Each structure stands twice: as C-alpha cells, then as structure tokens.
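Enquirer: One letter stands for each residue in the lines below.
Number of protein chains: 2
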Amino acid sequence: MAPHDALSEFDLIKHYFVRQRPGRATLGIGDDCALMTPAAGKQIAISSDMLVEDRHFFAGADARMLGHKSLAVNLSDLAAMGARPVAFTLALALPQAERAWLAGFADGLFALADAFDCELIGGDTTKGSLNICITVFGELAPGQALRRSAAVAGDDIWVSGTLGDARLALAGYRMEQELSPADLATAGARMHTPTPRVALGCALAEAGLAHAAIDISDGLVGDLGHILKASRVGATLDVDALPAGPVLARQETGLRRRYTAAGGDDYELCFTAPASSRDAIAALAISCGTPATRVGRIETQAGLRLVDAAGQPLDLQLSSFDHFSD
Amino acid sequence: MAPHDALSEFDLIKHYFVRQRPGRATLGIGDDCALMTPAAGKQIAISSDMLVEDRHFFAGADARMLGHKSLAVNLSDLAAMGARPVAFTLALALPQAERAWLAGFADGLFALADAFDCELIGGDTTKGSLNICITVFGELAPGQALRRSAAVAGDDIWVSGTLGDARLALAGYRMEQELSPADLATAGARMHTPTPRVALGCALAEAGLAHAAIDISDGLVGDLGHILKASRVGATLDVDALPAGPVLARQETGLRRRYTAAGGDDYELCFTAPASSRDAIAALAISCGTPATRVGRIETQAGLRLVDAAGQPLDLQLSSFDHFSD
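Top to bottom, those sequences are chains L and X. So for the first sequence, numbering that gives the first Met the number 0 puts the first residue at 0; every next one is plus one. So for the second sequence, numbering that gives the first Met the number 0 puts the first residue at 0; every next one is plus one.
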C-alpha cells in the first residue's frame, strides 16, 4: 500500500497532467486510448524522442527546464518537417513521485505546449530510472513536408538562429571552458530551454520556399550529412559564416568554428532552398522573428567540404554525436 | 569513437528496425518525422505504454518475448477501444547495443506487428537503463469507440479469454506458489506473450454490440472499477463465473478467486453490453476465436459487489496494482 502522503499513479496523472480546458482531441487522458480527429485532407507528422538522465540532461536537472526541453526537442522535429503541432503523449518513468518535481516539470511542459497550442492527450507513468518519452503529432498538407531527401545541387544551405552556445555551456559545466557566471547563464539557457523553430519551419513548408530540412540536434555537420546522404548530393559549408551564439561569438576562432559546426543540442533548423527563394526567405525570417543565415551551397560532388571566409579548406577534426559510441 | 565491432545508433536502427517492405506510412523511418495519411473519415486512436526492467519484466528477460509483449500491451489498448492497428513508434533505451538481444527483440516485435499489419514508422534509440516505450496508432469510425464512460445499468459484464494464469506464473517465479515445470511454462506464456484481443474488440465496436470496454492490465477488479467510475454506475461481479486460465483452474478456490479477480497482466478485454446483444456476442466470439464469458451486471447502485456462485458476498481483500505504491 502507498504511504500516507505518497501519490498514486492515478492521483499523479490527475493532479499534474489532466487539465480542465477545452482541447483539440476528441478524447484525451483517461481512457485506453486518446482519440484524434484529423483535419480533412491533412497528413499527420509523428516524432518520438526519449530523454534519459546523464545522457540528455544532468542528474538533478531543474524540473521546469526539463519539462520545457522534453517537448521542445519533439516540436523541433515537427518544425524541421514543416508540420503544425497538434498534440502529444507523455510517457514518464520516475524513481519516485515527488510533488515539487512534478509541479515544476508540468509547468515547464505546459508553458511550451500552450505557446504552440499543442495538447497533452495521453501517455503513461511508471516507477523507474528517470526517462521521459514524448511522441508528438503535427499536421501538414500532402506534398508540403520538408524531407531530408529533397536537397538539389545549387540550393543554398541556410541555418536558423545561432549555433554553438548550448555546446559552450556544456563545456562550461564540465569546467573545460572558463565562462563568467553571466555567460554561463546565457549559454546555459540555450542548452536547457531551446526554442523550437516551428513558425519558420511551417512558413517555409507552406510557402513552398525550401527543399530539404533537418533540425540540428547532433551538430550541424552531422545533421547536414543526413540531408546530403538522403539527397545523394554534396556541399560546401562556409564555417565562418555560421551564426555563433552571443557568448560563443566572443570566444577564440577555433572554438567558435568547432562549436558552431558540430556543437549539438542547438535545435535550430538547417534547410536548403533554391537561390530564387533568397529574398522571400529573408522576409519570412523577419516576419517569424527568427534570423536565417546562408552558410553554404549544395553541390553534385559527394562529401562535405568545410571552408573558411577566404574559401580555403578547413580540417576541424569533427565527429558527430552517437548515442552508442561511448 | 565507437569500438570496432560496436553498433552505432544509425547502424542499429538500419540493421534491426528498418525493413525493406511496402508499408502503409507515407514516410517511415529516416526523417525528422514519420508521415501518416489518415483514412478518410476515420478517427485515430493513440496509446502509449512504457515498459521498465524490474517493474514490467524481469532483468534478463528473453528479448524475443519482450519484443512481443511491448507491442502486445499497446495493441491491447487499441483492442479495448475497438480501433484497428495501423502503425507504431518505438523509443528504446538500452544499456548497450547487443546484437543477439536486438535481433531477438526485433523478431518478437515484428512477428506480432506483422500479424496485425501494424507498421513501425519511427522512434528513437539511446543509451540508458533498459526502457521500452511504444506509441501505437489505430483507426476507427467516429462514434464507434468503446469508451470507459459508456456502461449503462442493466448491461452484462463480459470478459474475453481467461484470467489469472499470468499472475499465477509470477507467483511461481517468485516461489510463492509451487508449480510443475510444465504448468509454469504454460502459465508463463500468458505472462510473457499475451494475445491482444484486437479481432474481438474491433468486431464489437464495428457491430455496435458493446457499450464500454477496458483491457485488463492491472487486474479485473481495478480495471472494471475505472469503467464504473467513468460511467457513474456500480456492479455485481460473480467471481466464480470468472474464466480461469488452464493452470489456475486446477488450483484451490481461494487462489483462483483472487487471481482471476485481481491478478493483473491478463490483457483480456472487460466489456459491457446490453442483454439484447448476448446471442450476437456469443456468435462473434466464436467467429473471432476468442471465448467471451458473462461475469456480472452493471447496476445503478455505486460500488463493486463481489459474489460467489450462490450469490453470497465475498470479501477477497484485494488491492489493485499501483506503480507508485511500493
């Protein structure tokens, strides 16, 4: 039996995750399944991400930030496809049902969910090592998805926002890099509370301006590599054109190049688009409030060539993140 | 960098989870999102279950059985809603990428998926404590869902298949109950490889024969309790009418009553239906190859009353399973 003040599984769900507000789901939390009625003629985009303690976040990470980030990384996948968020499920393994943690996690989660009108419609809770698995659902018109396989030789390569501050924060936390408390806080916010670029991704897809897209989670070079492979093309990337986060921009050149090119945890969009889209993309970036920067070119020659501002080859000795490589 | 024979995250997905066969998804594994095109006019039923080592299965559990069970418990949720399986996502945290384990897990998973024409369309893999999170998608016509809130006073209460052998196997493994190796194997199969009652659940929903339904995962008394609460009704349950599994049926009366009434891990359906549906349900159960047994009656009086074959009240001192109560 449960100790007197302990939360049961059902109380936990009821208190922290069931909300008394009208939602878009036909049937939400509380039955064997949730029910969604798809908008007529729309496709459904689905993505699932699992976040594990000590792997995707530090043990003891702030619950509110974790609630934000768990949903943000999934919304970022919708953004990279050009799909509008609709709903999500949350499966949660917890070592214990701690009220303060749950309240903080739910706050962070729902603040972001509400900002994107994305409804929690179901899920699961269980006791276990902390593990957060969110599956997110978005809608888009058939043929509008920004697929990894759609890059074409001659396309510009674009990047949204700025890169590398999340990786810099990690180096700061690990004491590999000395940062002032203020700089660590600024860079750390990029690591803990990334902004999914939903408005830009959807606008690009709906306007038909971009070809391929991916979200940058494992580092630009690795993630752009997925586009090149799927599209059977190559590229040249102007590393010095990569937009560095405000803290990283003040670091030495070598570090800036490495962390913008292959930092990881950025959750910005990398997309390709024909040169004819340049002006429209620039205007759209402004209207979405999300900067977009041209950083390279898709080419027929296979492989990814990194160059500096003068067009000279750079060898940055990068390796992309792999969850099973260490 | 990865050791020479180690599997990278991408190799792991490619070798064990990407299949060269035509699927129903518009876009499957390998992009930021999967894309599904819903059948015109259908609703989508969604369920998510997270399975954790030492909680939902023993450490060292057979990988093939685990692959089966992870999907089976999710398909069982679709069955309880009356939704036909379409697709699923798999998020997997693994302590290490072990080839034999992955091959076994994928075999068990896909054997069941293929039996129900349910396609793996995406997911995630990461290093971490073993955790399996599947989100499943089914289709059904609007208004056909078997909701927990739809039971009506006067309804019969039905149960599919047999109950209690999974709980008996657990008692056997824990040495709380002495079972012959043959009996333990028979009962153990119910625990490790449950059969989701998809055909029966969908047929009941499509024929409009049943009112409410739930799948029995935490024990009949607790799960029926969810129907009673959601429907604001009560019930009388004839405990001696509960169909016991073949091994449990040979045990003493007290054990049989407790394990059929509140065993858990049964993954049978409990559903309610008007008396006018009796003959049609009996015929449908035969055509689906899944026995269905009448075990009680929904009543206006709140609460659940357990009675024996003579109609006398039984006090079985049961408590339903709660993931946070111990």
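Please keep in mind that the hints were generated in silico from the structure rather than gathered at the bench. Check the hints yourself; a few may be wrong.
Heads up, the list lumps identical chains together, so a pair's fine if it works in one copy or across two of them.
With a straight-line Cα cutoff of 27 Å, these simulated DSS-like cross-link-like pairs (lysine-lysine) come out [to be verified]:
#, residue 1, residue 2
1, K126, K13
2, K41, K126
3, K228, K13
4, K228, K126
On a predicted model such as this, the values are computed, not experimentally measured, just so you know.
Enquirer: Determine for every hint whether it applies to the structure shown.
Expert: Status of each hint after checking the structure:
1. In this assembly of identical chains, the alpha carbons of K126 and K13 lie at most 27 Å apart only when taken from the same copy (17 Å versus 31 Å across copies).
2. In the homo-oligomer, the alpha carbons of K41 and K126 never lie at most 27 Å apart, since the shortest distance is 37 Å inside one protomer and 35 Å across protomers.
3. Proximity of K228 and K13 under a CA criterion of 27 Å is satisfied inter-copy only: 14 Å between copies versus 45 Å inside one chain copy.
4. In this assembly of identical chains, K228 and K126 lie within 27 Å of each other by CA distance solely across copies; the values are 25 Å between and 40 Å within a copy.
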